[in-house]
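Enquirer: Could you put the whole structure together from the sequences, leaning on the hints where they help?
Number of protein chains: 2
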Amino acid sequence: MFESAELGHRLSKAEYETIEPKLRTDLLDVQFDLFEHKDFAVVILINGIDGAGRGETVNLLNEWMDPRHIEVHAFDRPTGEEGDRPPMWRFWRALPPKGKIGVLFGNWYVDPIGERAGGRLKKAPLDQRLSELNRFEAMLAAEGVLLVKFWFHLSRAGQKKRLKALESSPATRWRVQQADWDFYEQYDRYREVAEHVLRRTSTGVAPWVIVDGTDPQYRAVQVGRTLLERLQRRIEYVRKGFRPRQTAAPLVAAPDERNLLNALVLSQPMDKKAYDKALEKLQGRLALALRSDAFARRSLVLVFEGMDAAGKGGAIRRITEALDTRQYQVIPIAAPTDEEAAQPYLWRFWRRLPQRGKVAIFDRSWYGRVLVERVEGFCSEADWMRAYAEINDFEDQLVSAGAVVVKFWLSVSQDEQLARFKARESETFKRYKITPDDWRNREKWPLYEPAVCDMIDRTSTSNALWTLVEADNKYFARVKILRTLVNKLEAVLE
Amino acid sequence: MFESAELGHRLSKAEYETIEPKLRTDLLDVQFDLFEHKDFAVVILINGIDGAGRGETVNLLNEWMDPRHIEVHAFDRPTGEEGDRPPMWRFWRALPPKGKIGVLFGNWYVDPIGERAGGRLKKAPLDQRLSELNRFEAMLAAEGVLLVKFWFHLSRAGQKKRLKALESSPATRWRVQQADWDFYEQYDRYREVAEHVLRRTSTGVAPWVIVDGTDPQYRAVQVGRTLLERLQRRIEYVRKGFRPRQTAAPLVAAPDERNLLNALVLSQPMDKKAYDKALEKLQGRLALALRSDAFARRSLVLVFEGMDAAGKGGAIRRITEALDTRQYQVIPIAAPTDEEAAQPYLWRFWRRLPQRGKVAIFDRSWYGRVLVERVEGFCSEADWMRAYAEINDFEDQLVSAGAVVVKFWLSVSQDEQLARFKARESETFKRYKITPDDWRNREKWPLYEPAVCDMIDRTSTSNALWTLVEADNKYFARVKILRTLVNKLEAVLE
Numbered sequence: 011m012f013e014s015a016e017l018g019h020r021l022s023k024a025e026y027e028t029i030e031p032k033l034r035t036d037l038l039d040v041q042f043d044l045f046e047h048k049d050f051a052v053v054i055l056i057n058g059i060d061g062a063g064r065g066e067t068v069n070l071l072n073e074w075m076d077p078r079h080i081e082v083h084a085f086d087r088p089t090g091e092e093g094d095r096p097p098m099w100r101f102w103r104a105l106p107p108k109g110k111i112g113v114l115f116g117n118w119y120v121d122p123i124g125e126r127a128g129g130r131l132k133k134a135p136l137d138q139r140l141s142e143l144n145r146f147e148a149m150l151a152a153e154g155v156l157l158v159k160f161w162f163h164l165s166r167a168g169q170k171k172r173l174k175a176l177e178s179s180p181a182t183r184w185r186v187q188q189a190d191w192d193f194y195e196q197y198d199r200y201r202e203v204a205e206h207v208l209r210r211t212s213t214g215v216a217p218w219v220i221v222d223g224t225d226p227q228y229r230a231v232q233v234g235r236t237l238l239e240r241l242q243r244r245i246e247y248v249r250k251g252f253r254p255r256q257t258a259a260p261l262v263a264a265p266d267e268r269n270l271l272n273a274l275v276l277s278q279p280m281d282k283k284a285y286d287k288a289l290e291k292l293q294g295r296l297a298l299a300l301r302s303d304a305f306a307r308r309s310l311v312l313v314f315e316g317m318d319a320a321g322k323g324g325a326i327r328r329i330t331e332a333l334d335t336r337q338y339q340v341i342p343i344a345a346p347t348d349e350e351a352a353q354p355y356l357w358r359f360w361r362r363l364p365q366r367g368k369v370a371i372f373d374r375s376w377y378g379r380v381l382v383e384r385v386e387g388f389c390s391e392a393d394w395m396r397a398y399a400e401i402n403d404f405e406d407q408l409v410s411a412g413a414v415v416v417k418f419w420l421s422v423s424q425d426e427q428l429a430r431f432k433a434r435e436s437e438t439f440k441r442y443k444i445t446p447d448d449w450r451n452r453e454k455w456p457l458y459e460p461a462v463c464d465m466i467d468r469t470s471t472s473n474a475l476w477t478l479v480e481a482d483n484k485y486f487a488r489v490k491i492l493r494t495l496v497n498k499l500e501a502v503l504e
Numbered sequence: 011m012f013e014s015a016e017l018g019h020r021l022s023k024a025e026y027e028t029i030e031p032k033l034r035t036d037l038l039d040v041q042f043d044l045f046e047h048k049d050f051a052v053v054i055l056i057n058g059i060d061g062a063g064r065g066e067t068v069n070l071l072n073e074w075m076d077p078r079h080i081e082v083h084a085f086d087r088p089t090g091e092e093g094d095r096p097p098m099w100r101f102w103r104a105l106p107p108k109g110k111i112g113v114l115f116g117n118w119y120v121d122p123i124g125e126r127a128g129g130r131l132k133k134a135p136l137d138q139r140l141s142e143l144n145r146f147e148a149m150l151a152a153e154g155v156l157l158v159k160f161w162f163h164l165s166r167a168g169q170k171k172r173l174k175a176l177e178s179s180p181a182t183r184w185r186v187q188q189a190d191w192d193f194y195e196q197y198d199r200y201r202e203v204a205e206h207v208l209r210r211t212s213t214g215v216a217p218w219v220i221v222d223g224t225d226p227q228y229r230a231v232q233v234g235r236t237l238l239e240r241l242q243r244r245i246e247y248v249r250k251g252f253r254p255r256q257t258a259a260p261l262v263a264a265p266d267e268r269n270l271l272n273a274l275v276l277s278q279p280m281d282k283k284a285y286d287k288a289l290e291k292l293q294g295r296l297a298l299a300l301r302s303d304a305f306a307r308r309s310l311v312l313v314f315e316g317m318d319a320a321g322k323g324g325a326i327r328r329i330t331e332a333l334d335t336r337q338y339q340v341i342p343i344a345a346p347t348d349e350e351a352a353q354p355y356l357w358r359f360w361r362r363l364p365q366r367g368k369v370a371i372f373d374r375s376w377y378g379r380v381l382v383e384r385v386e387g388f389c390s391e392a393d394w395m396r397a398y399a400e401i402n403d404f405e406d407q408l409v410s411a412g413a414v415v416v417k418f419w420l421s422v423s424q425d426e427q428l429a430r431f432k433a434r435e436s437e438t439f440k441r442y443k444i445t446p447d448d449w450r451n452r453e454k455w456p457l458y459e460p461a462v463c464d465m466i467d468r469t470s471t472s473n474a475l476w477t478l479v480e481a482d483n484k485y486f487a488r489v490k491i492l493r494t495l496v497n498k499l500e501a502v503l504e
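These protein sequence lines map, in sequence, to chains A and B. Counted from 1, the first sequence has number 150 at position 140 by this note's numbering; the numbering is strictly sequential. Counted from 1, the second sequence has number 105 at position 95 by this note's numbering; the numbering is strictly sequential.
Simulated from the structure, these hints should not be mistaken for lab results. Misleading hints may appear alongside valid ones.
Note: identical chains are not told apart, hence a pair may lie in one copy or across any two.
[Said to hold, decoys possible] With a cut-off of at most 25 Å between alpha-carbon atoms, the simulated SDA-like pairs for lysine to any residue come out as follows:
| # | residue 1 | residue 2 |
| --- | --- | --- |
| 1 | K250 | F388 |
| 2 | K110 | W357 |
| 3 | K170 | T89 |
| 4 | K110 | L363 |
| 5 | K132 | A411 |
| 6 | K48 | F388 |
| 7 | K23 | V219 |
| 8 | K287 | M98 |
| 9 | K48 | A344 |
| 10 | K170 | A134 |
| 11 | K32 | A134 |
| 12 | K32 | P346 |
| 13 | K48 | W357 |
| 14 | K110 | P346 |
| 15 | K132 | Q407 |
Expert: Quick look at the structure:
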């Protein structure tokens with residue numbers, strides 16, 4: 011969930027000054043348009059980690075937008091009047107009418123997250139509350155309210171740095187109190203709870219937007235652009251006569267163009283000798299783990315995704331070499347059969363789930379929904395938007411039933427892919443591996459990149475993490491995959 | 011939830027024999043059409059009370075439909091193969107492909123209801139499971155699956171009668187075991203759990219259809235007609251190019267035309283003397299209850315609905331006479347103001363919620379959404395279909411916050427309404443009370459009747475019951491209202 015936000019994004023002052031004036035003008039234009047037509051109301055939720063710039067963002071919005079049509083509501087402990095009524099009453103009071111924007115700072119997510127992180131709320135009652143909130147937000151969306159939910163994030167190190175910085179200056183020292191340091195101590199717990207809450211409440215009608223809160227310029231531009239795009243898209247939909255509920259909010263690209271994929275250093279060193287040695291050791295550990303008594307009560311689901319020629323097949327063979335043929339199945343996923351196409355898209359994966367004690371290795375997987383189907387337009391935006399939550403639910407069910415789920419994205423550079431394509435064409439026994447489709451897909455690289463980043467951000471969960479594999483060097487990639495897998499298995503089976 | 015199903019519906023053998031042949035032919039036609047075009051898959055869920063005819067209905071469907079395109083799956087305890095995989099795996103295996111119908115007998119609702127009724131599952135984990143099921147069904151619906159969920163119901167007395175009848179014949183005696191009687195002992199608990207589960211999982215995309223299971227002929231026709239109508243409507247939507255998710259299933263009229271309203275005896279005896287005496291007593295008890303210390307921590311929300319001239323105003327005055335002016339507010343609901351129309355429809359009720367220790371009396375209410383707005387087409391079918399769950403959520407929040415919610419439907423006959431309209435026209439000081447709108451609404455009576463019955467079935471919950479008031483005699487109606495209110499208050503405040 012927080013993968014992209016922890017990359018360390020920033021925008022220089024100069025970059026910011028180029029972007030800001032135009033962004034402000036555009037925001038004002040769209041705000042005026044909204045107010046004039048009164049098609050719908052906008053509710054902006056501001057949540058996140060202490061010190062990640064929530065307050066500053068609210069101030070900025072006030073400064074950027076026409077203050078007559080934007081209203082900020084900050085909620086603290088309920089007042090007497092509020093406490094005398096159902097908990098949601100104070101939020102209903104603050105809802106903006108059609109044509110206006112309401113910013114809710116300290117909203118309906120604060121208590122569930124805080125109480126759960128503080129240990130005052132158990133898992134089941136938390137989920138109960140979250141499903142109430144989902145129903146509430148679905149109702150608002152069905153009533154035509156545009157919900158934009160921002161989560162301002164800081165990594166653990168980022169939060170510490172921020173507190174230190176505030177303390178070091180006499181002008182801001184007063185802003186840091188013992189409570190802030192106490193909160194910092196709980197960071198990991200809070201992050202874990204926040205991840206769960208965000209995942210459960212990131213719905214097709216109201217997805218969360220996670221903002222890296224480290225750099226003020228970056229943060230401001232990401233918020234401004236997201237807001238602008240959401241408003242423009244909704245207005246477009248409304249004017250074209252679509253019902254608002256039909257719009258699935260787009261996922262927004264990072265203003266600094268830094269993303270999970272381009273942040274990787276794809277060519278990593280490893281020579282044949284080191285590879286052979288590591289491979290032997292890891293395969294031995296893998297065989298041992300899968301033959302253990304503990305594994306007899308579990309199962310293993312492996313997912314391999316990556317661009318063509320990223321080395322999925324080779325990596326899979328290095329795993330299966332260590333296994334008993336009766337224990338595993340490699341399941342290559344291509345276009346669905348007729349029988350599969352007549353069913354919900356997850357059906358063909360459900361039917362291939364391994365029994366206890368077995369291993370299923372998916373060479374491509376259910377993630378096709380948010381990769382090839384999104385990119386090629388085989389399904390609608392609403393369909394792939396809802397798929398993130400559906401896939402998370404699916405993997406949760408696997409994990410609850412005892413499966414270990416390990417997912418790899420093999421990342422190869424465009425140059426390396428080209429070299430491999432050419433090599434394949436010239437080697438007789440590999441020629442079948444290269445088709446016109448591969449060349450066509452290669453041209454869609456720029457469309458796959460955001461799809462992959464969104465996929466990782468929205469489906470890398472504590473239950474089923476994604477591992478990004480730098481795959482220009484096959485030796486390095488295979489060893490990283492085996493090591494990740496073996497470490498995970500040993501930790502789980504311990 | 012079970013109000014209509016506990017009315018005691020039946021169809022004679024002769025009636026059944028007139029209806030059946032045509033119904034079977036129509037069902038076969040639509041099944042063939044579905045199979046030929048393969049637009050979508052149909053999943054029929056069969057659930058309900060023991061002895062309410064679930065098995066018989068499954069047999070009947072098999073007999074009526076073309077068996078090549080309908081598949082029945084009965085689930086019992088998970089087999090070894092099933093237990094080795096996530097719990098939902100066995101249901102995924104049984105999903106029908108597009109063009110076919112799957113009947114799931116003993117499906118994903120059996121465990122949550124059984125475990126909760128048996129005390130093995132707490133409230134919060136139950137709700138957690140139900141929201142998982144809602145997400146699962148929403149996903150199926152979004153994938154184009156038509157879900158038809160039947161709940162076969164028997165009243166407590168009905169279940170006893172059925173068991174006795176089986177026992178009395180040597181041919182069926184073997185079918186009744188001690189377990190059945192044990193289950194009967196738990197009837198009330200089971201009914202309460204079932205009500206909660208049905209309410210939580212009756213969604214716009216997959217509402218429950220509750221079938222009175224007492225009479226085999228009635229039951230068969232209701233199931234057959236519901237299925238036919240759902241299939242026809244879905245086919246129509248699909249062929250017209252609407253997305254399947256846009257269809258909200260209609261609520262089906264009872265085949266025997268007996269409903270909650272026409273089952274009432276509207277003119278009940280009560281003379282002025284008895285009325286005066288009862289009124290004085292009840293008003294005294296009401297005043298006492300509302301001045302108690304216990305009430306200072308609660309609030310009271312009263313809802314009055316009914317056709318024009320049903321006597322809502324008069325009944326409300328008999329309540330307010332007993333109250334301190336500072337303690338209550340009467341809130342007449344007419345068309346929304348501009349400010350209200352710019353907000354979600356529940357907003358104008360949230361803003362009028364009473365504080366602790368206070369009383370809010372709504373003369374018409376949020377139920378306008380499923381009454382006038384439905385009948386007049388002021389909102390779409392999808393909008394009023396989702397309103398039932400939204401209203402239940404709203405009232406749950408009121409009750410959780412300590413409010414007592416009491417709802418009255420005042421039922422007046424068409425003749426009595428006419429007499430009152432005429433009387434109003436002739437009395438100078440009441441002439442303002444009759445407008446052309448009233449005459450117009452009167453003509454829509456046949457449209458209001460099903461809307462009222464659906465409303466009561468779908469929003470009469472253990473938290474906030476509806477009381478139907480026979481209102482042709484004003485004295486009787488006012489006393490019934492006051493008595494219901496006072497009894498409820500005294501029970502809660504005790």
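Enquirer: Go through the numbered hints given earlier and state which of them the structure violates, listing their numbers in rising order.
Expert: 3, 8, 10, 11, 12
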